[in-house]
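Participant: Kindly produce the complete structure, drawing on both the sequences and the hints.
First to last, the protein sequences are chains A and B. So for the first sequence, full-length UniProt numbering puts the first residue at 1; every next one is plus one. So for the second sequence, full-length UniProt numbering puts the first residue at 1; every next one is plus one.
Source of the hints: derived by calculation from the structure; they are not laboratory data. Any given hint could be a false lead.
Listed below are the simulated SDA-like cross-link pairs for lysine to any residue, each with C-alpha atoms no more than 25 Å apart in a straight line [as the list claims (entries may be wrong)]: (1) B:K35 with A:E316; (2) A:K36 with B:S346; (3) A:K55 with B:D326; (4) B:K36 with A:D344; (5) B:K35 with A:D344; (6) B:K36 with A:L149; (7) B:K161 with A:E325; (8) A:K36 with B:S343; (9) A:K161 with B:R11; (10) A:K161 with B:T237; (11) A:K36 with B:E236; (12) B:K35 with A:L315; (13) B:K161 with B:G121; (14) A:K161 with B:E236; (15) A:K35 with B:R330; (16) B:K36 with A:S346; (17) B:K36 with A:L329; (18) B:K161 with A:Y158.
Far from chain A, by Cβ distances over 12 Å, these chain B residues were calculated [claimed, not checked]: (19) L29; (20) E239; (21) M257.
C-beta: ideal position from N, C-alpha, C; glycine also.
Take a look at the letters that make up each chain.
Number of protein chains: 2
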Amino acid sequence: MQSLTVQLGERSYPILIGSGLLRQPELLLPYLPRKKAVIVSNTTIAPLYLDCLAKGLRANGIEVVESVLPDGEQHKDLQTLNQIFDTLLGNRCERSTTLIALGGGVIGDMGGFAAACYQRGMPFIQVPTTLLSQVDSSVGGKTAINHPLGKNMVGAFYQPKIVLADTSTLNTLPDRELSSGLAEVIKYGLIRDLPFLEWLEHNVESLLERNPEALAFAIHRSCVNKAEVVAADERETGERALLNLGHTFGHAIETGMGYGEWLHGEAVAAGTMMAVALSRLKGWLDDADVHRIEHLLLRAKLPITGAPIAVDRYLELMRHDKKVEDGRLRLVLLKGVGSAIVSDDSSDAQIRVAIESRLPNA
Amino acid sequence: MQSLTVQLGERSYPILIGSGLLRQPELLLPYLPRKKAVIVSNTTIAPLYLDCLAKGLRANGIEVVESVLPDGEQHKDLQTLNQIFDTLLGNRCERSTTLIALGGGVIGDMGGFAAACYQRGMPFIQVPTTLLSQVDSSVGGKTAINHPLGKNMVGAFYQPKIVLADTSTLNTLPDRELSSGLAEVIKYGLIRDLPFLEWLEHNVESLLERNPEALAFAIHRSCVNKAEVVAADERETGERALLNLGHTFGHAIETGMGYGEWLHGEAVAAGTMMAVALSRLKGWLDDADVHRIEHLLLRAKLPITGAPIAVDRYLELMRHDKKVEDGRLRLVLLKGVGSAIVSDDSSDAQIRVAIESRLPNA
Numbered sequence: 001m002q003s004l005t006v007q008l009g010e011r012s013y014p015i016l017i018g019s020g021l022l023r024q025p026e027l028l029l030p031y032l033p034r035k036k037a038v039i040v041s042n043t044t045i046a047p048l049y050l051d052c053l054a055k056g057l058r059a060n061g062i063e064v065v066e067s068v069l070p071d072g073e074q075h076k077d078l079q080t081l082n083q084i085f086d087t088l089l090g091n092r093c094e095r096s097t098t099l100i101a102l103g104g105g106v107i108g109d110m111g112g113f114a115a116a117c118y119q120r121g122m123p124f125i126q127v128p129t130t131l132l133s134q135v136d137s138s139v140g141g142k143t144a145i146n147h148p149l150g151k152n153m154v155g156a157f158y159q160p161k162i163v164l165a166d167t168s169t170l171n172t173l174p175d176r177e178l179s180s181g182l183a184e185v186i187k188y189g190l191i192r193d194l195p196f197l198e199w200l201e202h203n204v205e206s207l208l209e210r211n212p213e214a215l216a217f218a219i220h221r222s223c224v225n226k227a228e229v230v231a232a233d234e235r236e237t238g239e240r241a242l243l244n245l246g247h248t249f250g251h252a253i254e255t256g257m258g259y260g261e262w263l264h265g266e267a268v269a270a271g272t273m274m275a276v277a278l279s280r281l282k283g284w285l286d287d288a289d290v291h292r293i294e295h296l297l298l299r300a301k302l303p304i305t306g307a308p309i310a311v312d313r314y315l316e317l318m319r320h321d322k323k324v325e326d327g328r329l330r331l332v333l334l335k336g337v338g339s340a341i342v343s344d345d346s347s348d349a350q351i352r353v354a355i356e357s358r359l360p361n362a
Numbered sequence: 001m002q003s004l005t006v007q008l009g010e011r012s013y014p015i016l017i018g019s020g021l022l023r024q025p026e027l028l029l030p031y032l033p034r035k036k037a038v039i040v041s042n043t044t045i046a047p048l049y050l051d052c053l054a055k056g057l058r059a060n061g062i063e064v065v066e067s068v069l070p071d072g073e074q075h076k077d078l079q080t081l082n083q084i085f086d087t088l089l090g091n092r093c094e095r096s097t098t099l100i101a102l103g104g105g106v107i108g109d110m111g112g113f114a115a116a117c118y119q120r121g122m123p124f125i126q127v128p129t130t131l132l133s134q135v136d137s138s139v140g141g142k143t144a145i146n147h148p149l150g151k152n153m154v155g156a157f158y159q160p161k162i163v164l165a166d167t168s169t170l171n172t173l174p175d176r177e178l179s180s181g182l183a184e185v186i187k188y189g190l191i192r193d194l195p196f197l198e199w200l201e202h203n204v205e206s207l208l209e210r211n212p213e214a215l216a217f218a219i220h221r222s223c224v225n226k227a228e229v230v231a232a233d234e235r236e237t238g239e240r241a242l243l244n245l246g247h248t249f250g251h252a253i254e255t256g257m258g259y260g261e262w263l264h265g266e267a268v269a270a271g272t273m274m275a276v277a278l279s280r281l282k283g284w285l286d287d288a289d290v291h292r293i294e295h296l297l298l299r300a301k302l303p304i305t306g307a308p309i310a311v312d313r314y315l316e317l318m319r320h321d322k323k324v325e326d327g328r329l330r331l332v333l334l335k336g337v338g339s340a341i342v343s344d345d346s347s348d349a350q351i352r353v354a355i356e357s358r359l360p361n362a
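Facilitator: Next up, the structure:
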């Protein structure tokens, strides 16, 4: 088992990474203030792992309530969130009851937001079961639901008490979801960790083959990167925004195509190539850089062109993004491979050219 | 104009109290980080005051969006909250746009919760227009919506940037709502400010007659009390719970009768008498104390008996309250007039007797 700490003063918490951790409920016990917990999961993950976790907790005297939600980004909405509240109230959960999110990014985002709001805040634990949630969304305290007009538009910063990443759950992860997670892994290399990017260029096939050592290394290294950024800027007033490479473009794809059509990491990969194209236009990357990034994403089985949406619609959707300020789009671009900046001085014309160069009919 | 500060370190903010402040939009300008604001109000208050505030802001170059909600506690729900999000997204509000809640406690609670969640937090200003919101709910950062199974069950601690209490808005307040506000005013006297209670005993009729000086004094003194408690315990881990005198009983009345049937202050007044009855049973108050409190509430035109709900149902509803811990009810009781404590050692039998002694058929 590997571990690291997200340093946030009073709100610091550990991330535990290892195989079979779900079968060690004693790891969670010190983080439960009362002998009651609610596990929030979905219809895909619950049949695989919920029983194991619930039984282990019950064997330790914990009363466990279960809230099993429909699976998929299209359910990350107010209505499904309310299902969690119904379960919490219906089972007399108190504000000292702990909410455990068992699943991927959608479950973590929605469970975390429910925990942030229920009785104005209850203890919260992340048990991510997908690569994407283990390397990114379970760490750092961003929680949210989607609105029809924009992704993650309603949410809270709310830190978990502990993150328990059981890498053996990746054995049941569909290939497409594994690749989706790799988009966020590659992101860390691109924005701030060139040695890690080089390691990925040597090991991406091992990751796709689910080599346990390679996965454990990539997850730990990703979490180290994320934890450093979050510790420096919890509320995203500065550096944390760099973690959104490809996300403003990507959110437009997810919202525009209908939530759930594209996986988050797929949209981020295509969005990253749009950000790369714009960085190329600005002269910050050369053609070799562009091909290098494209090649790695392709090897990770990720899309390198966006969804077939009109360019005007891309721009309209992007203007709903959280990173808009006084009407100006603030985009994360690359100043070189391994180095990112936030830039708000791209013209609409430049952004259009970048998007168009990465559309499937281009 | 009177002013005071809620001392919360980086999140400290001023409360301005005075007549005609709504016509001085320049008071708000320093608290708007961008030249865009959304005013959230309701169908009762908007026709009276929204134009005045919006025009004043627009005259100062602020773009103003309006979100007018249906009036009443029965609308303090997820569906109405979503109306605010629809307006925010539909009008491209950014996370630096300021949300201004113009109305009573329901608008402040719901507007504040929307501000806490929209893009994970946007700047927020309280402009309370009822006595209850000016003396209590607009100060301290508690925001929430109701759930069918419990009042204020979903919410956030989220502090405003400034509270602007224009006392001239009380001239249009219905008598019943004025009395409702007095329940929270009297509460401060009962739990921690005996001299204020004595002042109220001399001046309650002046307040009902809307004497401006009396109202201004009562509002300021209430806010001073609230600000002190909130500064000492923002997240209600200790002393702040004392502000909930009568509220666990009162919330049961509001939820049990259907939101909007009883005004919040009416339910708090009846609930206070139940807490007083329980304190009497424990021997902490004598009969003279009970009559003294009863007499003051009656003079304030407030109910001193609860809603006709079965006692079992009261207990069931109270067990959904946020102050339940490991299944035990934690109730605010009086150790004497002017002094409150949190007590969790009342038996169900004792609580039953206290409730029954304060039911209309008792």
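Participant: A separate judgement is required for each hint: does it hold in the structure or not?
Facilitator: Against the structure, the hints come out as follows:
1. B:K35 with A:E316: holds (21 Å)
2. A:K36 with B:S346: holds (23 Å)
3. A:K55 with B:D326: Holds, at about 21 Å.
4. B:K36 with A:D344: holds (19 Å)
5. B:K35 with A:D344: holds (19 Å)
6. B:K36 with A:L149: Holds, at about 20 Å.
7. B:K161 with A:E325: The hint holds at about 20 Å.
8. A:K36 with B:S343: holds (22 Å)
9. A:K161 with B:R11: holds (24 Å)
10. A:K161 with B:T237: holds (18 Å)
11. A:K36 with B:E236: The given pair, whose Cα atoms are some 21 Å apart, holds under the 25 Å limit.
12. B:K35 with A:L315: holds (23 Å)
13. B:K161 with B:G121: holds (12 Å)
14. A:K161 with B:E236: holds (19 Å)
15. A:K35 with B:R330: Distance ~18 Å between K35 of chain A and R330 of chain B Cα, so the pair holds.
16. B:K36 with A:S346: The given pair, whose Cα atoms are some 23 Å apart, holds under the 25 Å limit.
17. B:K36 with A:L329: OK: K36 of chain B and L329 of chain A at ~17 Å, within 25 Å.
18. B:K161 with A:Y158: Judged against 25 Å, a Cα distance of about 21 Å means the pair holds.
19. L29: L29 of chain B is indeed farther than 12 Å from all Cβ atoms of chain A, at 16 Å.
20. E239: At about 17 Å from chain A, E239 of chain B clears the 12 Å cut-off, so the statement holds.
21. M257: holds (18 Å)
In terms of the numbered hints stated before, the structure departs from none.
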